[in-house]
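Student: What follows is each chain in one-letter form.
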Amino acid sequence: MNHGAMNRVGTIRLIVIVGLVGTLELLIRADVIPRRTILPPSEMAEALANLLASGKATQDIVQTLTCVAAALVSSIIGGFGVGVLIHRVPRLRRALDPFFATYYAVPFFIFYPVLIAIFDLSLLPIILMGFAFAVIAMTIATLNGLDRVPKVMAKVARVHRMAGFDTALRMKLPAAAPHLFTGLKLCVAYSFIGVIASEFILAPSGLGHAIAYAYNDFDNRTMYALMLFVLVVVITANMILHGWEQRLLRRWQGR
Amino acid sequence: MAPNPVHARLSGVTRVYAAVAGYRPVHALGPVDLELRHGEFFSVVGPSGCGKSTLLEVMAGLQPPSEGTVEFEGKKVAGEVPDGVGVVFQEDASFPWLTVWDNAAFGLRRAGMDGAEIERRVGDALAFMGLKDFQQAYPAQLSGGMRQRVCIARTLVLQPRLILLDEPFGALDAQTRLLMGDEVLRLWRRTGATILLITHALDEAAMLSDRVGVMSARPGRFLDLVETNWPKDRDSTIVSQAGFGAVTARLWHHLRGESMKAMGQSAPAPAGA
Numbered sequence: 006m007n008h009g010a011m012n013r014v015g016t017i018r019l020i021v022i023v024g025l026v027g028t029l030e031l032l033i034r035a036d037v038i039p040r041r042t043i044l045p046p047s048e049m050a051e052a053l054a055n056l057l058a059s060g061k062a063t064q065d066i067v068q069t070l071t072c073v074a075a076a077l078v079s080s081i082i083g084g085f086g087v088g089v090l091i092h093r094v095p096r097l098r099r100a101l102d103p104f105f106a107t108y109y110a111v112p113f114f115i116f117y118p119v120l121i122a123i124f125d126l127s128l129l130p131i132i133l134m135g136f137a138f139a140v141i142a143m144t145i146a147t148l149n150g151l152d153r154v155p156k157v158m159a160k161v162a163r164v165h166r167m168a169g170f171d172t173a174l175r176m177k178l179p180a181a182a183p184h185l186f187t188g189l190k191l192c193v194a195y196s197f198i199g200v201i202a203s204e205f206i207l208a209p210s211g212l213g214h215a216i217a218y219a220y221n222d223f224d225n226r227t228m229y230a231l232m233l234f235v236l237v238v239v240i241t242a243n244m245i246l247h248g249w250e251q252r253l254l255r256r257w258q259g260r
Numbered sequence: 674m675a676p677n678p679v680h681a682r683l684s685g686v687t688r689v690y691a692a693v694a695g696y697r698p699v700h701a702l703g704p705v706d707l708e709l710r711h712g713e714f715f716s717v718v719g720p721s722g723c724g725k726s727t728l729l730e731v732m733a734g735l736q737p738p739s740e741g742t743v744e745f746e747g748k749k750v751a752g753e754v755p756d757g758v759g760v761v762f763q764e765d766a767s768f769p770w771l772t773v774w775d776n777a778a779f780g781l782r783r784a785g786m787d788g789a790e791i792e793r794r795v796g797d798a799l800a801f802m803g804l805k806d807f808q809q810a811y812p813a814q815l816s817g818g819m820r821q822r823v824c825i826a827r828t829l830v831l832q833p834r835l836i837l838l839d840e841p842f843g844a845l846d847a848q849t850r851l852l853m854g855d856e857v858l859r860l861w862r863r864t865g866a867t868i869l870l871i872t873h874a875l876d877e878a879a880m881l882s883d884r885v886g887v888m889s890a891r892p893g894r895f896l897d898l899v900e901t902n903w904p905k906d907r908d909s910t911i912v913s914q915a916g917f918g919a920v921t922a923r924l925w926h927h928l929r930g931e932s933m934k935a936m937g938q939s940a941p942a943p944a945g946a
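In the order they appear, the protein sequences are chains Y and V. So in our numbering, spot 142 of the first sequence is number 147, and the numbers just go up one at a time. So in our numbering, spot 234 of the second sequence is number 907, and the numbers just go up one at a time.
Mixed in with the good hints there might be a few duds.
[Said to hold, decoys possible] In the DSBU-like style, the derived pairs of lysine-lysine whose C-alpha atoms are separated by at most 35 Å in a straight line are:
no.: 1; chain 1: V; residue 1: K905; chain 2: Y; residue 2: K160
no.: 2; chain 1: V; residue 1: K805; chain 2: V; residue 2: K905
no.: 3; chain 1: Y; residue 1: K160; chain 2: V; residue 2: K749
no.: 4; chain 1: V; residue 1: K805; chain 2: Y; residue 2: K160
no.: 5; chain 1: Y; residue 1: K160; chain 2: V; residue 2: K934
no.: 6; chain 1: V; residue 1: K934; chain 2: V; residue 2: K749
no.: 7; chain 1: V; residue 1: K749; chain 2: Y; residue 2: K156
no.: 8; chain 1: V; residue 1: K805; chain 2: Y; residue 2: K156
[Stated by the list, open to error] Far from chain Y, some chain V residues (derived; all Cβ distances over 10 Å):
no.: 9; residue: V679
no.: 10; residue: H711
no.: 11; residue: R850
no.: 12; residue: K934
[Stated by the list, open to error] Simulated restraints, written as ranges between beta carbons of each label pair:
no.: 13; chain 1: V; residue 1: D908; chain 2: Y; residue 2: V21; range: 58 to 66 Å
no.: 14; chain 1: Y; residue 1: G83; chain 2: V; residue 2: G865; range: 44 to 52 Å
no.: 15; chain 1: V; residue 1: A692; chain 2: Y; residue 2: L19; range: 56 to 64 Å
no.: 16; chain 1: Y; residue 1: V157; chain 2: V; residue 2: D855; range: 23 to 31 Å
no.: 17; chain 1: V; residue 1: P678; chain 2: Y; residue 2: V78; range: 54 to 62 Å
no.: 18; chain 1: Y; residue 1: V78; chain 2: V; residue 2: D765; range: 51 to 59 Å
Simulated from the structure, these hints should not be mistaken for laboratory data. Don't be surprised by glycine CBs; every beta carbon is placed ideally from N, CA and C.
Please model the complete structure; the sequences and the hints are all you need to start from.
Tutor: Pasting the structure below:
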């Protein structure tokens with residue numbers, strides 16, 4: 006796709022987003038949607054700006070983003086490592102495939118109380134929930150990515166007398182990189198879901214806890230401001246990854 | 674003491690692939706005996722599936738022989754690709770995440786060579802392969818022939834003494850193949866390396882080689898070793914010389930029947946027999 010066509014696609018995307026947000030704003034201001042149910046987006050943005058300026062949410066934001074970062078990094082590294090290992094043992098992969106296929110059918114949050122019982126009401130159970138949610142997405146993406154690495158690359162690695170770890174890091178990882186982005190994007194989404202949902206269920210602090218607290222307190226302005234913050238962060242992270250992925254694909258495929 | 678004229682040797686080499694679920698073991702190659710002379714250009718032709726690539730991979734140390742021994746410069750090849758052996762594969766093996774320059778420098782950086790020497794060798798190899806103007810391009814921006822040249826440059830910078838080429842022009846059109854043949858001949862003359870080329874194209878083998886080994890249908894064995902007697906400074910214009918037709922005819926004489934065997938047909942008697 007050339008630069009002009011990409012700009013046109015970007016413009017269409019912007020029009021869709023502005024159109025949806027504008028429609029929501031109009032529907033709320035025209036009382037089609039009651040204001041007590043949902044705030045107009047402009048007021049959400051204003052409430053968020055005030056909340057950020059006041060510093061009241063800073064601690065919750067820092068805690069949640071720290072937990073997400075820990076869950077994200079550990080799930081990416083762990084998922085990739087496990088994926089590489091399983092890929093090397095086809096029999097093990099065949100044995101584990103049904104578990105991967107049904108993994109996301111398990112309602113993970115039933116294990117959250119168990120984790121709290123083991124690790125107490127600390128950050129660790131929250132990070133573990135984010136990790137558990139994200140790690141298999143990365144493992145599956147790694148397996149799919151490695152399946153697509155041309156077999157000749159393994160021969161080239163042997164010609165260059167590269168050891169197993171070196172081959173994985175310098176040959177398989179970059180060769181599979183475009184396919185790993187699906188896993189990275191899912192990891193970002195699942196880490197946020199795992200962490201915020203865990204905070205929402207039971208935690209003394211964090212964005213999920215703050216949203217739940219505001220909800221129970223009928224504090225719509227704070228609740229929507231924090232929800233908007235989470236949305237903006239997740240979408241921005243995914244857009245950055247998407248842009249990076251597209252740049253890589255252009256380089257890979259000469260588009 | 675006169676140097677050993679034999680650069681690489683296969684002695685009684687066979688390769689049998691073990692049975693996989695539901696299938697019998699496959700006897701792909703041999704027994705094969707072959708001596709590659711220092712600095713010669715040797716090509717292997719044979720019908721599809723006769724074990725040509727297996728032969729190359731066994732010689733490179735990428736596969737172990739089931740029986741027999743492989744030697745390179747008097748030392749047994751076992752388990753890994755020996756120092757001094759370069760391999761170019763049929764498939765596009767350029768690294769799409771690296772520029773042409775970084776592709777070519779890959780092996781040297783891994784070997785921990787100093788920057789100035791990398792600069793010199795890579796610059797030299799890219800200039801030789803006509804890639805100097807594309808050194809900052811990524812492989813996806815290049816044609817198939819140019820990507821294959823990147824792979825050759827990546828091999829060339831390591832200054833291999835034995836270069837194994839596994840149908841490197843197989844995916845290219847006929848004209849580009851001829852021109853690439855010229856480039857490989859230039860490369861061969863300049864480096865003085867021994868070259869083993871696997872190809873299915875008789876004209877390519879006849880044009881490039883000092884000797885051509887003709888292989889039988891699977892399990893591949895050498896039926897004939899054909900000396901071409903071409904001058905060292907040859908190029909693709911040799912295809913128009915009188916002797917060229919005689920070489921290709923001799924190759925085809927053996928290959929016709931073997932190719933039909935490989936296709937599961939019995940070979941008819943040659944016309945006039």
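Student: Run every hint past the structure and note whether it holds.
Tutor: Consistency of the hints with the structure:
This hinted pair checks out: K905 (chain V) and K160 (chain Y) have alpha carbons roughly 31 Å apart, not beyond 35 Å. Proposed proximity of K805 (chain V) and K905 (chain V) is supported: the alpha carbons are some 27 Å apart, at most 35 Å. Taking the CA atoms of K160 (chain Y) and K749 (chain V), the gap is about 20 Å. The hint holds against a cut of 35 Å. For a cut-off of 35 Å, the pair hint linking K805 (chain V) to K160 (chain Y) stands: about 27 Å separates their Cα positions.
Between K160 (chain Y) and K934 (chain V) the alpha-carbon distance is near 30 Å, which keeps this suggested pair within the 35 Å criterion. Distance restraint check for K934 (chain V) and K749 (chain V): the Cα-Cα separation of roughly 34 Å lies within the 35 Å cut-off, and the hinted pair is therefore satisfied. Restraint check for K749 (chain V) and K156 (chain Y): the C-alpha separation of about 26 Å stays at or below 35 Å, so the hint holds. For the hint linking K805 (chain V) to K156 (chain Y), the alpha-carbon distance of about 29 Å falls within 35 Å, and the restraint holds.
For V679 (chain V), the requirement that its beta carbon stay farther than 10 Å from each beta carbon of chain Y is met, with the minimum near 23 Å. At roughly 22 Å from the closest C-beta of chain Y, the C-beta of H711 (chain V) stays outside 10 Å, upholding its exclusion from the interface. With a least beta-carbon separation of about 19 Å from chain Y, R850 (chain V) lies farther than 10 Å from that chain, consistent with its non-interface assignment. Residue placement check: K934 (chain V) keeps its beta carbon more than 10 Å from all beta carbons of chain Y (closest about 28 Å).
A hinted range of 58 to 66 Å holds for the C-beta pair D908 (chain V) and V21 (chain Y), which are about 60 Å apart. Here the CB-CB span from G83 (chain Y) to G865 (chain V) is close to 50 Å, well matched to the stated 44 to 52 Å. Separation of A692 (chain V) from L19 (chain Y) is about 60 Å and conforms to the stated range, judged on CB atoms against 56 to 64 Å. The hinted range of 23 to 31 Å is satisfied by V157 (chain Y) and D855 (chain V), whose Cβ atoms lie roughly 25 Å apart.
Against the hinted window of 54 to 62 Å, the Cβ-Cβ separation of P678 (chain V) and V78 (chain Y) comes to about 59 Å, which satisfies the hint. With their beta carbons about 34 Å apart, V78 (chain Y) and D765 (chain V) fall outside the hinted range of 51 to 59 Å.
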